[in-house]
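Q: Single-letter residue listing:
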Amino acid sequence: MMTVMDKDRLAAFVDGELSPEEAAAVVLHLADTPVDQAYVDDLFAANEALAQAFGAPLSEPVPEAIHAAIMGPSAATNVVAFRPRRALALAALALAASVAAAAVLLPGLLQTPSAAGIALGPLPPRAPFAEVLDTRAAGTQVMLADGREVMVLATFGMPDGRYCREFEVVDTSAGRADFAIGCHGNDGWVVEVAIAEVTDPALNPGFVPAGDAEIDALSRFLNRAGAPAVLDPAAEAEAIRQGWSAR
Amino acid sequence: VSTSFQRDLVSLVPKLRRFALSLTGNAADGDDLVQSACEKALRNQAQFQSGTRMDSWMYRIVQTLWLDDLRKRRVRGPSLDPDDHDIGDEGKGARLAEDRMMLASTAAAMATLPEPQRVVLSLVAVEGLSYKEAADVLEVPVGTVMSRLSRAREALLPQLGMSRGGRQ
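For the record, the sequence lines run as chains E and F.
All residue numbers for the first sequence refer to the numbering used here, where the first residue is 2 and numbers rise by one.
All residue numbers for the second sequence refer to the numbering used here, where the first residue is 85 and numbers rise by one.
Honestly, the hints are just simulated from the structure, not real lab data.
All residues carry an ideal CB built from backbone N, CA and C; glycine is no exception.
Check before you lean on any hint, since a few could be wrong.
[Said to hold, decoys possible] Just the calculated beta-carbon pair ranges, DEER-fashion: (1) E:G17 x F:V224: 19 to 25 Å; (2) F:P225 x E:D7: 17 to 23 Å; (3) F:R155 x E:A138: 38 to 44 Å; (4) F:R235 x E:E132: 54 to 60 Å; (5) E:L59 x F:N128: 23 to 29 Å.
[Stated by the list, open to error] Covered stretches of chain E (in silico footprint by chain F; criterion: 3 or more residues with CB under 8 Å from a CB of chain F, positions within the stretch not fixed): (6) 10-24; (7) 39-45; (8) 57-63.
Generate the whole structure from the sequences, applying the supplied hints.
A: Written as structure tokens, this is what we have:
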């Protein structure tokens, strides 16, 4: 005659309330008691069914109304620390950067126009970068037809209501990477700051400590425009959905 | 400028929406509940003791508001319609019709439970709280959590077609 175990104890086992020793004792008991094993299976299945039945919100963005209720209607951004990235190997080409300096620092690059970096100014709407800036979430790597890899690194909500996106373009064959910030205006994306970096194959595309020059250039731009406010994924998804119309 | 309190609150929203959905049985009511709870939390920010668990505090606010709201509705008369129980994502997560039926029947079965049992089952089985944590949220003894949980499962398992083991 089988001896069944107290149901609360079986439930405690399923709910992870038992110590490892107690749980082991239950496992041994279950091996000899099919009726209790069946009950435990049911409890697991019920927990799983419940988790699935109500699990959808975990993969959904925070609804706008709730976000606004918490953050206030005009502050649909999360301010997070400006994260350091790869070191600058060479030069920063900010809006006012000296072409002469670039010519000194980037001789190899200037000899290969095909590997030109990101031009400042408006991006043609059909430019491959524009499509990436329009539609892709930060952190998603996109391979362009010419083999370059584009990834948005961060999305900023600017105090003036515009959105800006920082992105990188890596051209492995040319051994260079470009960082830029594009801001969305009435006529689409405008590249406002661009920085070139030469990737060193010896570094085996690994990440090296962030260089002051890079952070300076990007921070200067962001600080000039106001405090850098990085959108969280939900706010970013919402901005993509709304076509980057100013807040 | 947002505060860390606001940011922490936003990051809890997905879990709070899941909890609220399991209580209300439909996404729209669940979101209304979460929004009210967040507004209440902001008003009562001073009562939150930093260093303690914000999720527990928020679960408590959500379930208290939900019960208050139910009481008010009962005065006006019941409006519980089984057809109201959509499952949040219109079954997006369910690839098969069978899954979808299982999700719908789970949500419907949940809705038949008395509220105190529903809250406990949701906190433990959906939100993954320990008995002690659930007891802290509800400010009841752990034994009360266990007995509500036990009764909730007694009622729920047969509705899910899960009492085949024959345990009495």
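Q: Please go over all the hints and tell whether each is borne out by the structure.
A: For each hint, the structure was consulted:
1. E:G17 x F:V224: 19 to 25 Å: holds (20 Å)
2. F:P225 x E:D7: 17 to 23 Å: Holds: the Cβ-Cβ distance is about 18 Å, inside 17 to 23 Å.
3. F:R155 x E:A138: 38 to 44 Å: About 43 Å separates the Cβ atoms of R155 (chain F) and A138 (chain E), which means 38 to 44 Å holds.
4. F:R235 x E:E132: 54 to 60 Å: holds (56 Å)
5. E:L59 x F:N128: 23 to 29 Å: holds (26 Å)
6. 10-24: Check passed, 5 qualifying residues.
7. 39-45: holds (count 5)
8. 57-63: holds (count 6)
This entry satisfies every hint, going by the numbered hints stated previously.
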